[in-house]
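Asks: Okay, here's what each chain looks like letter by letter:
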Amino acid sequence: MIDRGYIWRTTLVVVALLLVWGGLAVRLGYLHLGPNEALKQRVRQMRSVEQEILVGRGRILDRHGQLLALDLPVKNIIVEPKVVQSNGQVRTVSAHLARVLDLPYDQVLARVAKPGDPYEPVARLVREEVAEQVMRLQLKGVYPEPLTTRYYPHGALGCHLLGFSNAEGVGSAGIEQRWNSFLKGRPGLRQSERDGIRQEIVLRRTLQIDPQEGADVHLTLDLNVQYFVEKALDAAMTNLQAEAAWAIVEDVRTGAILAMASRPAYDLNAYSQTAPETRLNRAVGVNFEPGSVFKVGVVAAGLNEGLVATNDVFDCENGMWFYAGRPLKDFHPYGDLDVTGILRKSSNIGAAKIAVLLGEQRLHRYLSAYGLGQPTGIEVPGEESGILNPWEKWAKIDVTRVAMGHSVAVTALQMLNVLCCIGNDGFLMKSHVVRKVVDKNGVVLLENKPEALARPITERTAALMRQMLAEVTRAGGTGTRAAVAGYSVAGKTGSAEKIVGGRYVKNANVSSFMGLLPAERPEIGIIVVLDNPTDPATGLRTGGITAAPVFAKIAEPVARYLDVRPLDAAEMVYYQKILDGAP
Amino acid sequence: MLWSIALFGVAAALAGIYLGLVNACDHLGRQIKTLEANRAELRKQVVNEERNWTMARSIVNMERLLVAHGIEMTFPQERNIVRLVATEPDEPAQYALRGAPPARD
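Chains A and B, in that order, give the protein sequences. When we follow the numbering used here, the leftmost residue of the first sequence carries the number 1, and every step to the right adds one. When we follow the numbering used here, the leftmost residue of the second sequence carries the number 584, and every step to the right adds one.
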């Protein structure tokens with residue numbers, strides 16, 4: 001016989017359990033079927049995930065496909081000092097990390113020994129290989145934190161032209177800034193759900209918009225030419241104690257920029273530690289009074305108008321000439337000089353007399369046709385337009401001052417374009433540094449073709465100018481130090497007193513040299529500008545003494561590297577025909 | 584009785600198919616996740632290798648290696664170069680006039 005008490009207890013337990021289960025079932029039914037929209041919404045929110053699919057910026061490459069800027073996966077090495085300290089491994093861990101990360105031991109120790117710190121980055125932006133070495137050590141409390149950073153493999157090489165993108169991935173200088181819209185790409189979007197351990201459930205993906213990766217920007221820049229230029233500028237900064245230096249190498253026939261460099265420079269991977277003035281791209285961002293290099297444009301205008309011939313003789317007044325009641329001096333006194341001699345000796349008085357023959361209006365028309373006083377439109381930010389006042393506003397003496405490169409201001413690129421126009425049979429080409437923009441599928445989004453902007457002078461004038469300018473680098477010229485073995489160089493020296501705060505500063509120069517190579521059929525044009533250099537041997541600061549040797553240091557390896565070919569006999573015959581004015 | 588067994592069989596078969604499909608989809612989902620992770624990893628490796636390749640063939644690195652191995656190299660002088668010239672040389676290229684793409688661009 002079963003005990004009645006037992007039956008009661010069992011019934012009670014069963015009823016209790018049924019009540020509990022029933023209650024739970026009712027609650028479950030209520031939650032699922034009842035009016036719990038807010039609650040359901042909360043659950044949906046917890047489970048749903050909306051994720052932005054980020055993509056890296058596009059790459060920047062030189063004309064041969066060498067990478068200049070890319071997004072690189074790197075790692076921060078993080079230490080949990082609390083964990084390391086609790087294991088009593090502070091010194092051991094510090095020693096290992098210091099060795100592998102190539103950091104000072106004391107610096108690592110100071111971070112690892114921080115009391116009560118749960119998170120301490122010991123090294124930032126470490127390459128994957130190095131991070132793997134750290135992980136192989138299997139140190140407790142040490143782990144890598146993956147991230148992607150903008151990386152510039154060549155450090156300071158081409159820094160002013162390339163620019164950089166900031167921590168938010170926005171281009172903030174140079175090509176990175178100007179071409180940000182192409183480089184940045186477009187992030188994608190994914191809507192999905194995740195499970196209890198916060199893993200995405202792929203089957204519940206409701207929306208997937210693929211990201212559009214940033215396009216690659218291919219430059220006309222040649223990394224090796226850039227290296228030759230920067231090496232020469234570094235040497236000039238050291239040897240000539242210049243305050244700054246900048247140079248450009250341009251393909252004469254196309255206007256493509258092969259190199260553009262400024263000094264002082266900075267490491268693009270540490271741009272934040274650099275003063276803003278160091279980041280200035282002086283090649284396009286600094287206006288300067290060009291001095292005698294400007295005579296090139298003036299003499300070419302005189303020749304083109306038929307006002308002077310190469311062998312016309314001018315009285316250079318033994319170094320002192322008064323015009324509009326103001327004296328004009330030459331660096332050395334000269335008597336009679338023909339037009340070639342005016343360029344070879346860089347006579348201010350001779351150039352001024354040609355300018356007077358031209359007249360203000362006509363001279364201004366030519367200078368405008370060369371593109372002076374207006375930006376060249378090169379695809380980098382911060383380009384200055386130079387200063388070329390309207391001729392109506394010129395004072396009477398200005399025509400003589402402009403002739404020798406005073407009372408005007410130019411950028412190095414503008415000045416080089418004038419010379420390249422002479423090198424390119426009178427065609428002024430549009431300077432460009434971006435060759436093409438290509439998306440990740442290989443579709444060319446934009447391509448820059450060589451573009452002729454104007455033809456201020458004729459083919460014959462250009463050839464005659466090149467012939468005369470070649471004399472500048474030969475014996476008796478001001479630019480003999482720019483000569484390059486195996487080639488004839490057509491060039492011009494320039495020296496101008498520096499202007500600080502709107503006033504000329506005595507004993508401070510901006511010296512320059514620009515040249516074409518080879519003179520007869522130029523392929524490359526180079527300009528070098530030095531801010532306040534001094535030749536230690538002579539104490540002189542003129543362009544012929546300071547900038548011309550820097551030009552030679554650039555031109556020689558560049559000509560060899562690009563395999564610039566001197567003219568053969570047949571080409572010389574053709575060149576002579578142009579000089580002779582044959583149809 | 585027979586009908587109910589058949590109905591049960593059909594229901595079981597449908598349930599089995601449903602479970603099989605869910606399983607297959609789950610498997611595919613896991614595969615997609617794995618492949619996505621693999622692709623991301625491979626992309627990282629490609630970028631790293633591209634960077635290493637660029638660094639290896641940069642002129643700075645070449646010069647460093649030449650110095651390290653005590654090798655002196657210069658560009659050949661013009662007299663050391665033998666050129667093969669076409670019998671009918673072109674006139675000097677003038678891109679702006681001829682409109683043809685220049686050799687170096």
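It is possible that some hints are incorrect.
Straight-line C-alpha distance at most 27 Å; calculated DSSO-like pairs for lysine-lysine [unchecked claim]: (1) Lys329/A <-> Lys436/A; (2) Lys231/A <-> Lys396/A; (3) Lys82/A <-> Lys140/A; (4) Lys345/A <-> Lys396/A; (5) Lys440/A <-> Lys616/B; (6) Lys449/A <-> Lys345/A; (7) Lys436/A <-> Lys616/B; (8) Lys577/A <-> Lys627/B; (9) Lys329/A <-> Lys506/A.
Simulated from the structure, these hints should not be mistaken for lab results. It should be emphasised that the depicted structure is a prediction, and the values quoted were computed from it without experimental measurement.
Asks: Starting from Lys449/A, check that the Cα of Lys345/A is at most 27 Å away, please.
Replies: Violated - the C-alpha atoms of Lys345/A and Lys449/A are around 38 Å apart, more than 27 Å.
Asks: Is the hinted pair Lys440/A and Lys616/B satisfied, with a Cα-Cα distance of at most 27 Å?
Replies: holds (23 Å)
Asks: Taken at face value, is the distance from the CA of Lys396/A to the CA of Lys345/A at most 27 Å?
Replies: holds (25 Å)
Asks: Assess, step by step, whether the Cα of Lys82/A is no farther than 27 Å from the Cα of Lys140/A, and give holds or violated.
Replies: Answer holds: Lys82/A to Lys140/A is near 11 Å, not above 27 Å.
Asks: Holds or violated: Lys577/A and Lys627/B, Cα atoms, limit 27 Å.
Replies: violated (59 Å)
Asks: CA of Lys231/A to CA of Lys396/A, is that 27 Å or under?
Replies: violated (44 Å)
Asks: Lys329/A and Lys436/A: Cα distance at most 27 Å?
Replies: violated (49 Å)
Asks: Decide if the proposed pair is consistent with the structure: Lys329/A and Lys506/A, CA atoms, cutoff 27 Å inclusive.
Replies: holds (15 Å)
Asks: Given the hint that Lys436/A pairs with Lys616/B, does the C-alpha gap stay at or below 27 Å?
Replies: violated (36 Å)
In the structure shown, a violation is registered for the earlier hints numbered 1, 2, 6, 7 and 8, in ascending order.
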